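So the sequence lines, in the order shown, correspond to chains A and B. Numbering that gives the first Met the number 0 numbers the first residue of the first sequence as 0 and each following residue consecutively. Numbering that gives the first Met the number 0 numbers the first residue of the second sequence as 0 and each following residue consecutively.
Be careful, since some hints might not be right.
Claimed, not checked - To spell it out: a stretch of chain B is covered by chain A in this simulated footprint if at least three of its residues, at any positions, have a beta carbon under 8 Å from a beta carbon of chain A; those stretches are: (1) 173-182; (2) 193-199.
As the list claims (entries may be wrong) - In silico negatives: residues of chain A with every beta carbon more than 12 Å from chain B: (3) L82; (4) L174; (5) G202; (6) L240; (7) F254; (8) E266.
Source of the hints: derived by calculation from the structure; they are not laboratory data. Computed from a predicted structure; not experimentally measured. Beta carbons are placed, not taken as given, at the ideal position from N, Cα and C, and that holds for glycine.
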Amino acid sequence: MAIAQLIPGSAAAPMTTPKVEASHLTKWFTNPQAGHDIEVLRDVSVSVAPGEFLSIVGPSGCGKTTLLRIFAGLIPVSSGAVLYDGAPVSGPSSKMGFVFQSDNLLPWRRIHDNVAFGPELRGERRDSMEPRIQSLLRLVGLSGFERYYPHQLSGGMRQRVNLARALAIQPDVLLMDEPFAALDAQTREIMQDELLRIWQETGNTVIFITHQIDEAIFLADRIMVLGARPGRIREVIPVDLPRPRSLEMKRHPEFTRLADHVWSSIEQEVRESIRGEQEVVASAHQRALAHLDED
Amino acid sequence: MSADVTTARLAAPSTTFSPLPLLRRAINANRSLLTSVGSLGFGFLLWEIAADLIVRDKLFLVAPSAVVVRIAQLLGTGELQHHIVASGLEFVIGFVIAAFVGVGVGLLMGTCKPARIALTPWVAAIYSTPLIALSPLLILWFGIGITSKVVVVFAVSVFPVLVNTQTGIEGADERLLEMARAFGANTRQTFTKVLLPAAVPFIVAGLRLGVGRGLVGVVAAELFGAREGLGFLITAASQVFDMGALFGAVVILALAGVLSTAAIRALEQRIAPWRGA
């Protein structure tokens with residue numbers, strides 16, 4: 000286990016080049032109907048050290064997923080810059096593995112071939128990728144399920160395949176977009192535990208989006224709290240909990256203190272965001288009723 | 000279900016009336032098959048009764064038993080085989096060309112925007128036209144032989160294949176496409192590894208529709224002018240009031256529909272085994 004992983008990321012100022020860095024990142028989308036631009040992210044600056052685990056929390060509509068897509072090179076920034084190992088990101092990188100919120104497994108591929116998807120795209124030879132795929136399937140506890148199709152697996156198992164697929168390209172960075180959101184509470188806790196184990200085994204840098212505060216604290220070295228409309232950094236909170244972490248730590252007083260801290264940081268935003276959504280729903284409802292009246 | 004009840008209540012046999020649980024289980028396992036066979040058998044029985052006892056006029060309604068006898072006679076002389084081969088050849092050639100062209104053009108329209116824009120009005124216009132009605136014209140153009148029939152089969156079965164293929168490509172899950180992009184797939188890889196497999200179930204559904212329309216097409220084209228084939232047999236038989244042969248040809252066509260649909264289902268099982276959810 001590397002020493003860097005024992006020291007929470009922000010406590011020691013990173014001396015090396017950041018693994019991923021955003022500087023004054025701003026993103027807006029053009030909305031052809033409204034005729035004006037919608038600002039999604041405003042002036043986001045953050046450095047993620049090699050081997051660091053960063054959690055991002057924020058209310059819905061704060062641009063979390065957009066930020067992660069920008070890190071992945073799937074969409075460009077509007078202004079500012081994203082650097083990977085000090086170099087600008089211009090498109091999907093072979094060094095970043097993306098773990099999706101919905102597992103996005105290819106339904107026509109068996110589990111083994113889903114994990115092999117990334118290496119296969121790069122033209123890697125079967126015999127060179129095979130040992131790695133086997134060990135990844137062992138790592139995520141799915142040995143023996145190679146020949147199953149995704150629809151034959153449970154949600155938790157599919158998420159583990161999703162993770163193994165991202166790891167199969169041997170990434171430096173794992174970008175994870177609420178990967179456990181759709182799982183039940185018990186499965187989610189087990190997956191959190193497994194993720195930390197895998198992270199410590201691989202030494203990856205992880206950027207992990209979640210809307211669950213306890214999940215963010217349990218996993219991360221630092222928590223980045225985003226505010227909504229437009230998304231901007233409200234606070235970056237270091238997590239000074241020892242590693243390796245165990246599920247009992249969630250009842251630790253320091254854990255509770257951190258949870259209160261994070262919650263107070265986003266509470267107002269969440270309330271506003273809920274109110275905003277309620278208004279949207281209410282007006283949609285009213286429009287629907289108006290339609291019915293016309294008919 | 001009831002088999003479970005039987006075993007669970009062995010202690011109280013008076014509540015069940017299943018002296019032969021094994022037979023019961025066998026019936027349960029094949030229930031859908033037995034139901035469809037039974038339904039067909041019942042229909043034939045009604046037909047037989049209606050023909051023999053109610054209508055009693057072979058010109059109006061010939062009994063299924065008489066149809067079977069006539070089919071056997073025609074098989075004996077080799078006449079039926081000759082017509083089956085003739086129609087079968089026309090159908091297979093026309094349908095195979097339609098399958099390749101339909102899938103090809105459908106893939107093109109699904110992936111290439113200029114092609115889609117240029118071809119959509121043509122497809123929309125021709126797809127909804129009753130092309131079979133043009134058979135006399137096609138016979139005028141291509142003669143009374145096999146070519147005109149192949150053209151009709153092609154024309155009626157190419158569009159369902161084409162439209163379904165295009166729909167399958169366009170309906171591919173956006174999230175899977177983004178996943179492929181995140182993993183660095185290029186255009187060709189996105190096509191072969193995401194778009195094409197996603198479209199396979201739609202393509203198979205299109206082929207199934209095409210088979211039905213193609214079978215109708217081949218017979219209809221033969222009705223308008225032919226020297227051989229099942230459509231010709233139907234025309235010839237009706238002119239001499241040979242109702243047994245007429246119904247016989249229709250039965251063969253129904254059988255061909257059932258068999259080709261089963262063949263395409265088997266094909267789907269082979270190339271899309273993940274569909275058995």
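Here's how the hints hold up against the structure:
{"no.": "1", "hint": "173-182", "result": "holds (count 8)"}
{"no.": "2", "hint": "193-199", "result": "holds (count 4)"}
{"no.": "3", "hint": "L82", "result": "holds (19 Å)"}
{"no.": "4", "hint": "L174", "result": "violated (8 Å)"}
{"no.": "5", "hint": "G202", "result": "holds (21 Å)"}
{"no.": "6", "hint": "L240", "result": "holds (31 Å)"}
{"no.": "7", "hint": "F254", "result": "holds (33 Å)"}
{"no.": "8", "hint": "E266", "result": "holds (31 Å)"}
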